[in-house]
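Asker: Below, each chain spelled out in residue letters.
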Amino acid sequence: MAKKKTIVEDIDRRIYDIKNEDKFNYKSEKGLTKEIILDISRKKNEPGWMTDFRLKSLETYEAMGLPTWGPNLDALDMNNIVTYVKPDTEMKGDWSEVPDEIKDTFDKLGIPKAEHEYLAGVGAQYDSEVVYHSIKEELVKQGVIYTDMETAVREYEDIIKQYFMKLVPPNDHKFVALHGAVWSGGSFVYVPEGVQVDIPLQSYFRSNSPGAGQFEHTLIIVEKGAKLHFIEGCSAPKYNVTNLHAGCVELYVKEDASLRYSTIENWSRNMMNLNTKRATVDKNGTIEWISGSFGSKVSMLYPMSILKGEGAKSEFTGISFAGKGQVLDTGTKVVHAAPYTSSTINTKSISKGGGEAIYRGSVKVTSNAHHSQSTISCESLMLDDISRSDTIPALDIMNDEVTIGHEAKIGRISDEAIFYLMTRGISEEEAKAMIVRGFAEPIAKELPLEYAVEMNNLIKLELEGSIG
Amino acid sequence: MIEKGLLRINDLHVNTENKEILRSLNLTVNKGEVHVIMGPNGAGKSTLMNVIMGHPNYEVTKGSIEFDAEDITEMNTDERARKGIFLSFQTPEEVPGITVEGMLKGAKFAITGKPLKFFQFRKDMKEKLDLLHFDESYAQRYLNVGFSGGEKKKSEILQMMMLDPKLAILDEIDSGLDVDAVRNVADGINHFLNEEKSLLIITHSSKLLEYIKPDFVHVLTDGRIVKTGDASVAEEIINHGFTEYKEVVNS
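The listed protein sequences correspond, in order, to chains Z and G.
If you count the first sequence from 1, position 319 lands on 319 in the numbering used here, and the numbers rise without skipping.
If you count the second sequence from 1, position 12 lands on 12 in the numbering used here, and the numbers rise without skipping.
It should be emphasised that the hints constitute simulated quantities derived from the structure, not laboratory data.
Any given hint could turn out to be false.
[As the list claims (entries may be wrong)] As a list, the in silico DSS-like pairs of lysine-lysine whose alpha-carbon atoms are at most 27 Å apart:
| # | chain 1 | residue 1 | chain 2 | residue 2 |
| --- | --- | --- | --- | --- |
| 1 | G | 152 | Z | 409 |
| 2 | Z | 108 | Z | 92 |
| 3 | Z | 19 | Z | 136 |
| 4 | Z | 445 | G | 152 |
| 5 | G | 105 | Z | 445 |
| 6 | G | 152 | G | 108 |
| 7 | Z | 445 | G | 108 |
| 8 | Z | 136 | Z | 113 |
| 9 | Z | 445 | G | 117 |
| 10 | Z | 445 | G | 126 |
| 11 | G | 108 | Z | 460 |
| 12 | Z | 333 | Z | 364 |
| 13 | Z | 460 | G | 126 |
| 14 | G | 108 | G | 123 |
| 15 | G | 114 | Z | 460 |
| 16 | G | 117 | Z | 460 |
| 17 | Z | 224 | Z | 166 |
| 18 | G | 126 | G | 105 |
| 19 | G | 108 | G | 83 |
Please model the complete structure; the sequences and the hints are all you need to start from.
Answerer: Dropping the structure here:
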């Protein structure tokens, strides 16, 4: 018997791949011009300062070059991207008023059911605009705000003006500048001092229109001593043209506050996912990131935590799965900018069928951040010998009184472990799936049950296919 | 009634890494029989176990393996397992993130093809864990991860008992075990054995054979079986070593 090589082919992504007819109320021209920006702003009926902000971001975008590191972005041609697609509906507060076709998509993704069963609030975005938003009455009574960004700009203008793109300024990199110019949709959450939101809020971003960009902006402020768990879900059906996702997430965690931000991004293989997420954490506050990156053609995603108050904490737990033709360049950045701050980074990546999974991360400790500690652990699993995995950690430590631990493991799936499970009657495919599920288990454990199930399902979908 | 071999190995030649390890090996194991294979290091004992189970690194160049009246020489490992062959490993693999119970449920489902009755499954497992003096918590631990040598052997026997094969092949199941652990493992094996079950045991020591009485003992040297006898053969080898058989081969 010759040694068998296993190559798992691209698979049907089932419900994630449902394409609706590209119906819209308004769609901007391809490419990017001042006129398009003005048009978007006008459609949104924005205050003048936001229009100016967009135009200034456009200038920044035009002046900046592409990143000089990381994956190849040649597949992205901005002249072919439609930046704004307004779905053929206004935002609703009742699912029954959402057009059937759109509602049906969210039904299949399980959103209304999740809302009913274990969420305290839901936002659902379809292409460029939020089509549904709801929040439980008791949270409203406690002063919690959860709404789409457009409403927030109009109704909470002062807060938005104070925080919007202050943590991630448009000149940070080219795609954030682009985001500043064309952002649309997203969620705004405000949790007042001392309020504990025990049941999660969830926003789901669905991109349907071919060749379009999605640029949602999520802004969350958790005030002193308050607590929130926010879940973000993303998906899109597959098209032959390149789509772009350049969202931006800004999280403000105040003194003694805590925020858990969970994401499962599950993009189709034509998506360029160039997403920027950042949190700033005050004294004794905690940010927890749970990040699952599935799908996309190329992903560049490095959620960043700035620990600026004494005793601030950050925990990052991430998993990525790169299949055939995919480059998932993901990781996290932490800046320890105050004494007694701590960070934990725990990532796992899986690659198969020639996919590339790269961990890229950095931990910086400033000179005043004495007694800080950081523990980094990165593990990669390659399912065949045509896939690639790499670990690129950077450490920049300016203080001697710190504790840093770093561990990286890159390995191939063990043929002996597969054989072992097969001697128990388990098929080769299921043996592999078991090993991969086991590898991902420490991450799945951190997810709410329903999302752990979804993640296992995604892993299964990724692994299914012909074995030859 | 004519005895029909459960396992029939005919004129088996096996290569691994382009080297011939087994040469013209013949062996028949009938239902209800306990066979012991002894042999010096490098004789081909582990190769024999692996090739019966269909390990992809071993190539059958000649001969055949039949199980339950079916030629399984080219069959995949998982199919052989589903037909009722079990192999316990000397040093089983660690599989992080998958619990002993989780793996067994998956395996049981694969073998029976029927949905599991969870309550019954749990009850069965508890019974077997108790018999092996194995703490219940082990069922919830990740498969072999952080298990001591003895715990790994008990975990293998637990799996054998739960999966209930027709033929169990035990590769040095008693090596590295203390007296109590050998007794626990032997209790498990005896609990499993009946006139329908067959065993193929590889061992170096007499420890396990104090509890399990073999019907046949085979001496394997240099890739073939050079002697077959009753339990007294094992005793002889334990007392005098393999020198005598090496001479047989060399003469």
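Asker: Please go over all the hints and tell whether each is borne out by the structure.
Answerer: Hint check:
{"no.": "1", "hint": "152(G) x 409(Z)", "verdict": "holds, 25 Å"}
{"no.": "2", "hint": "108(Z) x 92(Z)", "verdict": "holds, 19 Å"}
{"no.": "3", "hint": "19(Z) x 136(Z)", "verdict": "violated, 31 Å"}
{"no.": "4", "hint": "445(Z) x 152(G)", "verdict": "holds, 25 Å"}
{"no.": "5", "hint": "105(G) x 445(Z)", "verdict": "holds, 20 Å"}
{"no.": "6", "hint": "152(G) x 108(G)", "verdict": "holds, 20 Å"}
{"no.": "7", "hint": "445(Z) x 108(G)", "verdict": "holds, 25 Å"}
{"no.": "8", "hint": "136(Z) x 113(Z)", "verdict": "holds, 15 Å"}
{"no.": "9", "hint": "445(Z) x 117(G)", "verdict": "holds, 25 Å"}
{"no.": "10", "hint": "445(Z) x 126(G)", "verdict": "holds, 25 Å"}
{"no.": "11", "hint": "108(G) x 460(Z)", "verdict": "holds, 20 Å"}
{"no.": "12", "hint": "333(Z) x 364(Z)", "verdict": "holds, 8 Å"}
{"no.": "13", "hint": "460(Z) x 126(G)", "verdict": "violated, 30 Å"}
{"no.": "14", "hint": "108(G) x 123(G)", "verdict": "holds, 14 Å"}
{"no.": "15", "hint": "114(G) x 460(Z)", "verdict": "holds, 21 Å"}
{"no.": "16", "hint": "117(G) x 460(Z)", "verdict": "holds, 24 Å"}
{"no.": "17", "hint": "224(Z) x 166(Z)", "verdict": "holds, 19 Å"}
{"no.": "18", "hint": "126(G) x 105(G)", "verdict": "holds, 14 Å"}
{"no.": "19", "hint": "108(G) x 83(G)", "verdict": "holds, 12 Å"}
Violation of the numbered hints given earlier is confined to hints 3 and 13; the remaining hints are satisfied by the structure.
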